[in-house]
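Chemist: Sequence:
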Amino acid sequence: MSQSRIEDILPLSPLQEGLYFHAVYDDRAQDVYTMQFAFDLVGPLDAATMRAAAEALLRRHANLRAGFRERKTGERVQVVRREVELPWSEWDLSGLDAAARDVELSRVMGEERSRRFDLAVAPLLRCALVRLGEGRHRLVVTNHHILLDGWSMPLLARELFALYAAGGDAAGAGLPRVTPYREYLGWLAGRDRAAAEEAWREALAGLEEPTLLAPALTAAAGAAVPDVADPSGARPEAVVPQRVVSQLPSGLTARLAEVARGRGLTLNTLVQGAWGLLLGRLTGREDVVFGATVSGRPPEIAGIESMVGLFINTLPVRVRLRPEESLAGLFGRVQEQQTRLMDHQHLGLNEVQRLAGLGELFDTLTVFENYPLDPEGLELPGTGLRIGGVEVNDATHYPVTLAVIPGDELTLRLDHRPDVLDGEAAERLAGRLVRVLEAVADDPDRPVAGVEVLEEAERTRLLVEWNDTARDVPRTTFGGLVEAQAARTPQNEAVVFDGGSLTYGEFNARANRLARLLVEAGAGPESVVALVLPRSVETVVAAVAVLKAGAAYLPVDPAYPAERIAHMIGDARPALVIATAATAATAADAAAAARAASAAGPDAPLLVLDDHEVTGRLERAADTDLTDADRRAPLLPEHPAYVIYTSGSTGRPKGVVVPHAGIANLSAAEIERFDVTPDSRVLQCSSPSFDAAVLELSMALPAGAALVVPPPGPMVGEALAEVLVRHRVTHALITPAALAGLPSTDLPDFRSLVVGGEACPADLAARWSQGRRMVNAYGPTEITVAATMSEPLSGGGVPPIGRPLPNTQAYVLDAALRPVPAGVTGELYIAGAGLARGYLDRAALTAERFVANPFGAAGTRMYRTGDLVRRTGDGELEYVGRADEQVKVRGFRIELGEIEAALAAHPRVGQVAVVVREDRPGVKQLVAYVVPEADAPAPDAAGLREHVAAGLPEHMVPAAFVVLDALPVTPNGKLDRRALPAPDFGAAVSAGRAPRTEREELLCGLFAQVLGLPVVGAEDSFFDLGGDSIVSIQLVSRARREGLVFTPREVFEHRTPAALAVVARDPEGASGQGAREADSGVGPVALTPIVHWLRERGGPVDGFCQSVVVRTPAGADAGSLSAALQAVVDHHDALRLRLTRAGGARCGAWRFPSPDRWTPGRVCCGWTRRVWTVRRCGPWWRARPRRPGAGWCRSPG
-10 MSQSRIEDIL PLSPLQEGLY FHAVYDDRAQ DVYTMQFAFD LVGPLDAATM RAAAEALLRR
50 HANLRAGFRE RKTGERVQVV RREVELPWSE WDLSGLDAAA RDVELSRVMG EERSRRFDLA
110 VAPLLRCALV RLGEGRHRLV VTNHHILLDG WSMPLLAREL FALYAAGGDA AGAGLPRVTP
170 YREYLGWLAG RDRAAAEEAW REALAGLEEP TLLAPALTAA AGAAVPDVAD PSGARPEAVV
230 PQRVVSQLPS GLTARLAEVA RGRGLTLNTL VQGAWGLLLG RLTGREDVVF GATVSGRPPE
290 IAGIESMVGL FINTLPVRVR LRPEESLAGL FGRVQEQQTR LMDHQHLGLN EVQRLAGLGE
350 LFDTLTVFEN YPLDPEGLEL PGTGLRIGGV EVNDATHYPV TLAVIPGDEL TLRLDHRPDV
410 LDGEAAERLA GRLVRVLEAV ADDPDRPVAG VEVLEEAERT RLLVEWNDTA RDVPRTTFGG
470 LVEAQAARTP QNEAVVFDGG SLTYGEFNAR ANRLARLLVE AGAGPESVVA LVLPRSVETV
530 VAAVAVLKAG AAYLPVDPAY PAERIAHMIG DARPALVIAT AATAATAADA AAAARAASAA
590 GPDAPLLVLD DHEVTGRLER AADTDLTDAD RRAPLLPEHP AYVIYTSGST GRPKGVVVPH
650 AGIANLSAAE IERFDVTPDS RVLQCSSPSF DAAVLELSMA LPAGAALVVP PPGPMVGEAL
710 AEVLVRHRVT HALITPAALA GLPSTDLPDF RSLVVGGEAC PADLAARWSQ GRRMVNAYGP
770 TEITVAATMS EPLSGGGVPP IGRPLPNTQA YVLDAALRPV PAGVTGELYI AGAGLARGYL
830 DRAALTAERF VANPFGAAGT RMYRTGDLVR RTGDGELEYV GRADEQVKVR GFRIELGEIE
890 AALAAHPRVG QVAVVVREDR PGVKQLVAYV VPEADAPAPD AAGLREHVAA GLPEHMVPAA
950 FVVLDALPVT PNGKLDRRAL PAPDFGAAVS AGRAPRTERE ELLCGLFAQV LGLPVVGAED
1010 SFFDLGGDSI VSIQLVSRAR REGLVFTPRE VFEHRTPAAL AVVARDPEGA SGQGAREADS
1070 GVGPVALTPI VHWLRERGGP VDGFCQSVVV RTPAGADAGS LSAALQAVVD HHDALRLRLT
1130 RAGGARCGAW RFPSPDRWTP GRVCCGWTRR VWTVRRCGPW WRARPRRPGA GWCRSPG
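FYI, the numbering for the sequence shown is -10 to 1186, going by this note's numbering.
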């Protein structure tokens, strides 16, 4: 009986599983896990003997004869063949000159490395012998990493050259007995898996997010973040890394070794701790994770030190940074944690990441190469041949890999994907690591917070150069700005409203008369006057009058809930309350409620502007500008100008007190940045209760422009468009939410648009920046409206929030108030002219948020915004998110805690959590999750909504209320926001679309099989259902057995049975690479402008048809005509377009019905020849034959 060609079938080690996935994920790209070792051989060489020695290696080590396959069950195995042929090639470059030889040698090596291995075909190793000259050769050994690790190569090389010295005879080489690789795999199988899982679960407990360096590095360069990974584990296109090498001086290396010895640490621990610290600084986190390669050679296996194969494993290293801890203490904790995990380093990375539940945990890898290939250690006695040098080329798929090579001069090798960071950025990253290691060597007892990763020039750029905003601005009050403009242009329109307009002279006179009444009533510097008024010309006049009197105005929206108005009046204790007859009752009731709530409540008089007695007094008052002699005290720019109430985390709104000092600065910046001139018309779009109204006032009045004041009510949609057109508005501040709802209207006068209040999506910027100046402004209420502004937008990408205004400084800092490098996310702190005084009567909160400025003059402060931002490489600021529970929805700043406090006051609510969800792109909504009080019936959504609306403004009322049995929590007891279910907004619950074709039905079944689910819908996502990279391979394998061909990459790209059904190929139509022709005419395409226009018109389009009657040639029958039409449709992709309800067009392969299924159309009398009616109906074409008669006619479409 003949012997089987299969010697053994073995399972895969954990890392082999991962490498197998990477190899088959995209079988068309270069495999970065192809390794190459090149040995320079000096002396006489016998090529036949060297080849025999290499072939003897394959016979000696069974695992070098392994190919990797997937069984029908989906299990991946390595199949060891008894005999394999070694791929061997020889090249003679000795006849070339030196330059040409180097070029050709590089080409040969590059070709050897770029040529992919087919993992199923053994051996996964090949050799090329290149003759360079007399007595000079280069032996190039190329293998797939799935076969060997770096530790194995020196062992393999020693054996190879020992075999060569023995003439290729293994028996005479004196080599030790081979310990089979299967013994290691058997050892793996015997490990306590449950104990390992528990150890890793404990090590990663409380970890809240992955540590991804790539976004910070690309942001620093101002580039788009490449798709280096996604939550489902998908990989990008393979990119061959570039390399930066830093060699530490021998003195620094010695000092590091001394620190390690003195503290009982390894050099590996020092480097890992330093890398973790650097990652923390570059990602803005104090709990970081990176990958590390462990040797994986268990001492329990006899002969393990001489075994060749893949033993290494990649596992996470977690570093928790404590700013006050010493470096030595940090390193000790890192080493202790690694020591505890040593017995559990056999678990695969995929399994460890599954236990953490966060997807891909890291995108950087550290490798400690304590297996250098030393040419002097590779002897060839008696051959006359010696090793002149060794060159190693290997790589990983990670964006950044740090290899540490020990020696008298420690070598740091940084392999980096060039699409993530270029050579200069990689040099800078390596320099930062060296700087950290120098700090370790200098003083290992210094605190972690004391380590500086910035260069001095970089620190200067961040703190000084990018904040060099000094500019001369008049030191005056807002009233002074208005008075100066009224003196310059008294006849120009100042305020325009539906009932008419006021010139600057008229407006200033009205404000002066009212200001004098306010002074008589007790208003003056350091006092507050409440304006319970809607948006109107009276509000504008009253606000300026209060400022002229020297007091600060408090805008109160009369549409607010009575409870909130009462709180504002009671908290601010105004000297006077201004209202009109329409709002007087609201103001009086609020004041009464405030007095009832507190013995120290306000007893402010109420001034009703349209009261007969008040109008009479106004008519008699002088209309000249006020001076300090007219006021109750001298007015200075440092005195408060206005008080704006914002949401409070404790459930109590807080008043922000803003002085005059920053208004002149803001106004000057606006006039310049927005190109405001006396012929401009500025829209007062904002509610007076928000500080955006101050931006509009200070944009218009100091510039001599006209302020357009529309009637009260929301300025959105058609109403906003109508005001813009009717009043020929040239300048407006519009929030992105309102801008998104603004209909497309011809706005020839609208030349300057300011967006602010919330993040502006890229598509809005692209749409509205065309044909006008568009600027993105940013600023919390605690700054005089705006702290930064962008340059004019052009629509390319998400708009940045720009750079600080004149006389303003913006600092991006970490938790220890250190500046972070460009590209790194940090918290934004603002200092300078526009800073608010603080919170009204909230000294503790003011001290918490307005802190000493360590970068400015003594006594200066900066405001901690709570906003997370990062700088681009040229200094622009990009908004990232919030550092706390404060959010912005539709331009309103909201403390979620205030909403939660309101809901918690409901008698039937036990627990509550409020979040902002964006279940539809660009649509942010507040959603409240409540757990009923014990033994209480569950509250209904309508009751909860009514309860919240009674105390909070409309923009703070959640869009949905979801009742849960319990709030989901993470393993460490925190609210698990990601586990909160999406709300049901009343739509019918869908079980998922059923399959419509045989392919979809087959794929739905295969999805269900590999995912262990009873049923899967045609549009269900593979990864939403629990799929991952390993299961995707099983899906591909099972589909191929069923006659459908696609790659794991296509699973990641298309994800659903319906989408995969379109791209899957039949086995006979698939190439060896599993590729589909690029020009197949199948797949989604973007809508054309005319189809966009048609869709935006609204209504059904199914009957939007055209038709034409075509005369047929003599002798044509139905079959030939059908074939001809089919050929035309097959040739022109556009004729197969189908408009989907999702709004995109999909080009699909479909065929005409056979002739016997046609039904005759209407017959017009008198037809004489056969005609065809070809109808184009929306996205479909169809053809119908018309029977011959006495004549012919055109069929209506």
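Keep in mind that a hint or two might mislead.
With beta-carbon atoms standing in for the labels, derived distance ranges [what the hints assert, rightly or not]:
#1 Glu447 <-> Ser733: 40 to 50 Å
#2 Ser78 <-> Asp158: 16 to 26 Å
#3 Pro76 <-> Asp1055: 44 to 54 Å
#4 Pro703 <-> Ala939: 19 to 29 Å
#5 Gln19 <-> Gly251: 37 to 47 Å
#6 Ala846 <-> Ser103: 35 to 45 Å
#7 Glu198 <-> Ala586: 37 to 47 Å
#8 Thr449 <-> Leu1002: 50 to 60 Å
Treat the hints as calculated values from the structure; they're not laboratory data. Predicted model only: the values in this text are computed from it and were never measured. C-beta: ideal position from N, C-alpha, C; glycine also.
Chemist: Indicate, hint by hint, whether the structure satisfies it.
Modeler: Status of the hints after comparison with the structure:
The beta-carbon spacing between Glu447 and Ser733, approximately 46 Å, falls within the hinted interval of 40 to 50 Å. At about 24 Å, the beta-carbon gap between Ser78 and Asp158 stays in the expected band of 16 to 26 Å. Distance hint for Pro76 and Asp1055: a CB-CB separation of about 32 Å, inconsistent with the stated range 44 to 54 Å. Our hint of 19 to 29 Å for Pro703 and Ala939 holds, since their Cβ atoms are close to 20 Å apart.
Between Gln19 and Gly251 the CB atoms are about 46 Å apart, so this pair conforms to the stated range of 37 to 47 Å. At about 60 Å, the CB distance of Ala846 to Ser103 disagrees with the hint of 35 to 45 Å. Checked against the hint of 37 to 47 Å, the pair Glu198 and Ala586 passes, with Cβ atoms roughly 43 Å apart. In this structure the hint that Thr449 and Leu1002 lie 50 to 60 Å apart at CB holds, the actual value being about 58 Å.
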